[in-house]
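Participant: Here is what each chain is made of, one letter per residue.
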Amino acid sequence: MVGGLAVCSGLIDLIGTGSDSMTLLVSGSGMGLLGALLFRRVAGPVNVRPADIIAATTLAVTLGILLVSGLYLVTGAAQQPDDALFEATTGITTTAMSVLDPTGLGHGLRFIRAGSQWLGGFTALLVGIVILPFFGFGREFADRSRSGGYRPLAPDEVSATRNIARLYVPGTGLIWAAYMLAGKSPFDSLLLAMSTVSTGGFTNSPDEFADPSVQWVAIAGMLLAGSSMVTLWHVIVGGRGLQRQTGLAPYLGLHVAGVLLLVLWSTGVDIAAVRRLLFVVAASVSTTGFPMDVPGEWATAAPVLLLLLVSVGAMSGSPSGGLQVRQHRILMRLALREMARQLHPRAVLKVRLAGRVAGEDTLRQIVILQFLFVAVIFSTAFLVAVFGLDLADSLSAAVHATATAGPVRGIDGAMLDPADWPRTARLALLPAMVFGRLSIYPAVVAVAALLKLLRDRIRLRRRYMARKYGADL
Amino acid sequence: MRRPAARWETTTGQVTGIALLFVAGGIFGTAVIEALGGKQGTAMVLAALVTLIPGAVLWLWTRPGQIDRATVFSAVAGTWLIVSLFGALPYLFAGTFQRTGTGFPVVLADALFESVSGFSCTGSTVFGSHNLIGDQGPGILMYRQFTQWIGGMGIVVLVVTVLPALRASGLGLIGAEAPGEGGDRLAPRMAQTARRFWYLYAGLTALIAVALMAVGLSLFDAVAHAFTTASTGGFSTRDTSIGYWDSVAVEMVIMIGLILGAANFTLHSRSLASRKPVHHRDPEFRSYIWLLTGATLVVTILLVDDGMGLARALRSAAFNVVTLGTSGGFGNATGPGSDGDFVRWAAGPQLILLILLMSGGCTGSTSGGVKVMRLIVGLSHTRRTLRGVRHPRAVLPVRYGTGVMAEPLVERIAGFMVVYGMLVGSGTLVVAALGTDLVTALGGVIGSLGNMGPALNRAGPTASFVDGFSTPARMVLAFLMLVGRLELFPMLLMLVAPYRTLQKQIRSH
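Chains A and B are the protein sequences, given in the same order. Per the working numbering, residue 13 is the first one in the first sequence, and the count goes up by one each step. Per the working numbering, residue 66 is the first one in the second sequence, and the count goes up by one each step.
It is worth saying that the hints were derived from the structure and are not from the lab. Glycine is no exception: its CB is placed at the ideal position from the N, C-alpha and C atoms. There could be a bad hint or two in this list.
[To be verified] Incomplete in silico selection of chain B near chain A, CB under 7 Å:
#: 1; residue: A100
#: 2; residue: G130
#: 3; residue: Q131
#: 4; residue: I132
#: 5; residue: A338
#: 6; residue: S339
#: 7; residue: R458
#: 8; residue: L488
#: 9; residue: V489
[Unchecked claim] What the simulated footprint calls covered on chain A by chain B, stretch by stretch (three residues with Cβ under 8 Å from a Cβ of chain B suffice, anywhere in the stretch; the number is not a length):
#: 10; segment: 187 to 200
#: 11; segment: 311 to 317
#: 12; segment: 345 to 352
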C-alpha cells in the first residue's frame, strides 16, 4: 500500500515541478514489487491466533512508518533520519506534529504526507472495527447481527473491511468536493480531505483555514470523521434514524459542552468567534488537531479543557484517537456500578450500553486500557521531560501523542512547534503515537510477544551453550 | 449531665458526638499550651466549649442504631465533615487568618481549609509569607499538629475504642475510614482492635518524639513533629518546615518515621507480637521500599545531571521522595529556590514526584494515595489480561505475593482506580476553571486526593496554597482531601442514607 502511495505521489508530482517524481516512482515500484513477492511467496498460518493478528498489525504499521520515512529520506525532504522517522510516524499515526515545512515541498511529497494519514486512518478503522473485536475487545458491541434482515457493517472480517472502504472512500470524496466548493484548489482540497477524513490534521499552509466557509467544511468534516462508522452505516445503509443512534448524543454533547465552556471563559464573543471555538473543539474531540487561534485571551482552564477533550476523543469505530467516547461511557457506568456495589456488595450488577450488556471481559479490558493509557502518557511525559521540555509541555505533548491529536498546544494556548524541541524529545514521542494509533492494546501485546520471543531465544541459547560446553560453563 | 431515657437512634449522631468530645479535649489541651506561651488561650478555651456542648448533647441524646452500608458511609463522612467544621473554630476565634482587606468568607474558608488539611493529614497550608507560621502562638501551632495526629489513625477508629455498643458494626466503620481494602482485625473484638491500633500509633509517636529530641529538637518541636510524622501529615511549626534545621540527622529521623507511619500497622503489631520484624515478608512493603529506593536513585541521577552536587542531590532526592511517597509532605527547602525546593528542579524529577503523589503508602497505614497494594494488583491484573490475549482459554489468576487475589477484590480495586481517575480528571478541570494553571491544578488535585501536602508549580513546598489557588478552588481541594482521606466512597455516598430515610418518611406520611 505504501508502494502504491509512492507511485501515485510520483505521478501527482508531475503536475508540479516533477523533481521528485522519478525517485518516488522507482521507490514505489520497488516497494510494490517486494510487497507482491512477499504476498505471493509467504503463506499465512492455518490457525490464526488473535495474538498473531495483533502482532502482524503492529508490524505492518511499523513497517509502513519505516517505508514512508525512507521516502522522505530518498527524496531529500528530510535531511536527518530522525526527522524522516518523526514525520512518517506523525503521518501514519495521524498525529500531525510536523517538522517539515510543507510550503517548501513538491506536490508528490505533500500527497505522501496526506496519503500516509489517509492510510493511517483506514488502519485505525480496521483496528477498531475488525481486529480488536476479533480478539474479544468489545466483541458485544461489534455490528454483526443480521437479525430482522439488517445488513451489518461487520458480519465478518472481509466484509467489514470492504464496508469500511465503502464509507471511507466516498466520505473522502464528499469532503474533497465540499472543500472545492468552499473555494480551495482541487489539489489542496484533496490533501485537506484526506487529512480531515482520517482525523490526521496535516495542513499545507499557515492560513489554510482563514476562509470562514473552509472552516465550516472542516468543522463538518471533523464531526463526520469523528463519528462511528457503525453509526454512519446504520444511518446510510440501514436506513435507521439518527435519533436511534445512542452513541451520537454524548459525542455531540461533548462539542456543545466544550463550546459553551469556552464561550463562558472568553470575553467579547461574537458569531465568528463561536465558529472558531467550535472549530477548536471539533479539532480536539476528533483528535484531528487542525490549528486555529481562538479569539481574545486564553482562560487558564481552556487548555486544560482541550487536553481533556483530546484524551476523551471521538466515537469508537472512528479513526480518531484518545480513549474514545464509548470507553468513557462504560467507565462512567462502571464507576456508578462500583458505588452501587459499595452499598450492595452481593448484588449482581451489569453494565449496559446501547441496550447491550457489556461482558465482564470487556469491562476488564477497558479498565486495563485506561490504566495503560495513563501509563503511556506518564512514561512518555517523563521521557520528554528528561530530554528537555518543561513539565506542562511534556504532559501536553504526551497526551497529544498518545491521543494522536496533532499539534501540541502550550499552557497559554499557543501552538508549539516540534521542530523547536530537542531531537531526543521528539523521538521519545514516537512510541506513544504508535501505541495510541493502535488503541494501545495491540502494540502492548506485540511488545510483550516480542519480549517473550527474545527471552525464549536467550533461554534456548543458554541451554544450547550449557549442553555444548557442559561443565566449562 | 444525665442521659435522657428515650434517646434518638442515630449512629451518625452518636459517633459524631463522641468525636467532637475528643476534638474538644484536644482543643482544650492545646489551649492550655497557648495560655502558657501565647495570647489566644481564652479564644481557644471558648472554641473548646463551643465544640464540647454539641458533642455532649449528641453523645447524651443519641444512641447507635441499626447500621447498614449506607449508614456506615454517612456516619463516617458526616463525622469527618462536622469535626472539620468545628475544628476550624480555634483558628476563627483566635483570628489566625484575619488579615487587613480580607472579608469574613475568605477567613472562614481559610480556617476550614487548614482544619480539613489537618484532620485529613494532607498538610497543605494557607499560611505563607503573608501570614507566617512563626507568628502564631504555641497553642495554635500544637493544635494544628494535633489535628493531623488525631486524623492520622482515624477519628472513627478512636470513637470505636470507646463505643463497644457498636459491636460488629465497628468493623464496617473502621473499614470505611481505614486506608486500603477494609479493616484488619488485630483482636476478636473491634474495640480491642481499635485500641491496639491507637496504642501502636501512640507508641510510634513517642518513639519519633524521643528520636527527634535526641537529634537536637526542643521538646515542643519534637512532640509537634512526632505528631505529624507518625500520621504522615506534614504540618510543621516552622515556616520552612524541616528545612529550618538544615540537619541530615533530623531529616533521617523524619524519613524513618514517615516510612514506619506509611507501613501497614498490622505488620508493626505482628512484629511486636513475634518480637522480630515481619515487614520484609509483606509483598506490599517490599514493593514500597523498592519504589522509594528506585525513585530516589532516578531523581538523584537527574539532579546530578542538572548540575547539583551528588551529596546534596542524594539528600534532597531521598527526603522529597520519601516525604511525598509516604504522603508526608514535609519540606527540606531552606527557602525558595534552595536545593530542596522541588518546584525549581527540572521537569523529569518533578514528574517522578507527581507519580509518587499518586502512589501513596501501604494499606492499613496513616498514608494517603492510591496505595501500593492497589498498584501491585493493578499491574498483576494488567499482566493477566495481556497474557489472556495470547492464551484465550487459560484461567489466569491475579497474583499478589505468593497468593492469589480473589476476583471480587480485584474488581473492587479496578473500580476504585476508575473512580479515582475520573475524580482527578474532573477535579483538575474544575480547579483550572477556578483560575489555576494546568500543572498547579493537576498537582493540587492529585496531592489533595492523596493527602500529600505540597503540590507542583505555584503550590510547592515553600509556597502557600493562597498563592496557587483561588478561595473557591481551595474549597474544592478541601472537599477532595476528605474524599481522598476516606478512600473516595464514603464522601461520595454520604447522602444515600439520609435520602433513604427522607424517602421512607415521605412514604409513611
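Participant: Find the hints from earlier in the document that the structure breaks and name them by number, from lowest to highest.
Facilitator: Hints 1, 2, 3, 4, 5, 6, 7, 8, 9 and 10 contradicted; others consistent.
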